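Assemble the complex: chain A is given as a structure, and chain B must be docked to it using the hints.
There are 2 protein chains.
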Amino acid sequence: MKSAAVIGLGLIGGSLARELSARGIRVLGYDRDEASVRAALRDGGIHRVLNRGLEGIDTVDVVVIAVPVAAAPDVLRIARPHLGGVRLITDVGSTKGTVGSAAQALGIGERFVGSHPLAGDHCSGWNASRLGLFDRARVFLCPTADTSEGALALARAFWQVVGAQPEIIDATEHDRRLAWTSHLPQAVSTALALALARAGIAHRELGPGGRDMTRLAGSSPEMWTDIALDNASELGNALDRLEQQCQQLRTALAAQDRASVQRFFAAGQRWNPPGG
Amino acid sequence: MKSAAVIGLGLIGGSLARELSARGIRVLGYDRDEASVRAALRDGGIHRVLNRGLEGIDTVDVVVIAVPVAAAPDVLRIARPHLGGVRLITDVGSTKGTVGSAAQALGIGERFVGSHPLAGDHCSGWNASRLGLFDRARVFLCPTADTSEGALALARAFWQVVGAQPEIIDATEHDRRLAWTSHLPQAVSTALALALARAGIAHRELGPGGRDMTRLAGSSPEMWTDIALDNASELGNALDRLEQQCQQLRTALAAQDRASVQRFFAAGQRWNPPGG
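So the sequences go chain by chain: A and B.
For what it's worth, the numbering used here labels the leading residue of the first sequence as 1, then goes sequentially.
For what it's worth, the numbering used here labels the leading residue of the second sequence as 277, then goes sequentially.
So here's chain A without its partners, still in its complex pose (with noise of 0.2 Å):
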C-alpha cells in the first residue's frame, strides 16, 4: 500500500490520516471543514487535498469514509464514479448493517469492508486526532457477502500497519453487541447527565465516580444521533432493560427489601469484580 485517500478528517479519520503519513503513505484528505483541511495540511497529515466531488482518488490503493454514519451512504455514492484501481474501500462507523448494504447496492461490494475501530473518545475533530490513537486497539472488520478474499486480506494489513488489532465479525452480530457494549453505555451517560440537569445538579458537584459516569455525555451529538437512529431498534431494546434493572431496585428500595438490594449490588459486582 503507497497511498489511500481519507474523506472526514476528525478524530478518527485525522488519525489515520496522521499514522499513514508518518509512515510514508501518500494521503489524500477532503473535509467539508476548510480549517481542518488547512491544519491537516499544515500538520502534513495530509499531503494533497482533494475536492467535494472527490475527483482523483481512483489513484490510490485505500479509500477511508471517516464520515458520520449517516453521511457515509451518500460519501459512497459521490466516489462510486472515481473508483477506478482502488483495491480497498472501508469506512470507520459504529453501525456496519447500513454502510456495508450501501457498498453492494452500489455494485462495490466486492472491495468493501466495513471497519469499526473500537479507538474513539468524547472529543471530536482535527484538533482531537492523534498518533497512537489506534495502538492495539481492536477494530471490527465486517466483510460484505461479495468481499474478495485480497480485499478483506487487505483491510486487515491496513489496520495492522496502523497498530490496531482486526477481528471479523458479521454486520449484523456487530451491530447487535454495539448496541450493548457501546451504544446503551453512551444513551444512559447522556440519560444520567439530563436527570442531574433538570435537577438542578451542576457537573461540578459531581464527586469522581459521577464524572466517570457522564463524561460519555460530552461526545458529540452528530455523531450520536446517527448512531442511535441506525441501530434503533437493538439500542431501544436494550434500553428498555435498563429500565428493568433500574425499576427493580427502585421497587426493592420503596419495601426496604434489603435482601433484594444486596442482591442487586452483589450482582453488579460479580459481572465486574474489583481488580477482576
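If you're looking for bench data, these hints aren't it; they were derived computationally from the structure.
Just so we're clear, the structure is a prediction, and the values are computed from it rather than from any experiment.
For each residue, glycine too, the CB sits at the ideal point set by N, CA and C.
Worth double-checking, as some hints may not be accurate.
Pairwise CB distance ranges, derived in the manner of DEER restraints [to be verified]:
| no. | chain 1 | residue 1 | chain 2 | residue 2 | range |
| --- | --- | --- | --- | --- | --- |
| 1 | B | Glu481 | A | Ala145 | 36 to 42 Å |
| 2 | B | Arg318 | A | Thr251 | 44 to 50 Å |
| 3 | A | Gly275 | B | Ala421 | 41 to 47 Å |
| 4 | A | Gln165 | B | Ser536 | 22 to 28 Å |
| 5 | B | Met277 | A | Ala255 | 39 to 45 Å |
| 6 | A | His47 | B | Ala298 | 56 to 62 Å |
| 7 | B | Asp319 | A | Gln165 | 24 to 30 Å |
| 8 | A | Arg204 | B | Glu425 | 40 to 46 Å |
| 9 | A | Ala71 | B | Ala478 | 46 to 52 Å |
| 10 | B | Ala311 | A | Pro273 | 33 to 39 Å |
| 11 | A | Ala71 | B | Ala311 | 29 to 35 Å |
| 12 | B | Arg406 | A | Asp146 | 56 to 62 Å |
| 13 | B | Ala421 | A | Arg263 | 34 to 40 Å |
Below, chain B alone, put in the same frame as chain A:
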C-alpha cells in the same frame, strides 16, 4: 488534637488512620476483621488496638466511626458509655440524616458532627487505604441541631489536618443532593452492569467508555445496600427520573424522530461540554 480513635479500618478509616499517624497523632483502632487490625498495626497506621466494647476510647480527643452506614448507630451505642472527655465524635458515611439523629437520641448531639468525605473509590479494605486519599477532597460536615461551636470548629480543623476541604451543609439537604450526585450514578452503573450481564456480554468486551460506565458496579455491595436503603426515597425518585430520560430516547428511536434524538444528545453535551 493529640489522639484519635478510628473505628473501622477500611478504605476511608484506614486512610484516615495512616494520615493521622503520619502527622504524629496517636491512633487507637478497631476493626471486626482481625487481619485488617494486624495489618494496620504492622504498617504503623494505628498504635493500639481497641476491643469490641471500645473500652479506653475516653482517652482520645476525636472518635471517628468509619463503618458501613447501617452499622454506625450501633457503634455509637457501644461507644456511648466510654466517651468521657472526647471532644468530637464524627463518622464518614455517605448518608447523614440517620446517623445524626442517632447521635442526638443518645444525648451526644452536642459533640457530634456528621462527616462525608468525597474520597472513596470502588476499592475497599485496609489494603486499599493510602496516604493522600483526602488531599483536596471535599468533605461535607453536617452538624446536628445541638452541635456546639467548639465541636464544629474541631471537625473543620480535623479534616483540614488530613488535607480535605470542609463544607458545612444541612444533613437533609446533603442526603437529597447526594442521591443525585453519588447514589444515582452508583445505582445506574450497577443497573447497566446487570443489563449487560443478562444480555450475555462479558466485561472484557467493553471499550474504554463502557468500562468507565461500569467501574462503579465493582463497589462494595454491603456498603451500597446500606446507603441505598438509608436514602431510599430520594434515590427512588432520582431513579424514576433517569428511567424517564431513557424512555424518552426509546420513544424517539422507535419513531425515528431525528429532531428529538438530536435534542437528547445535544442537551447532554451542553450540560457536560468536552473540556468544559
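Ascending list of hint numbers which this structure does not respect: 1, 4, 7, 8, 9, 10 and 11
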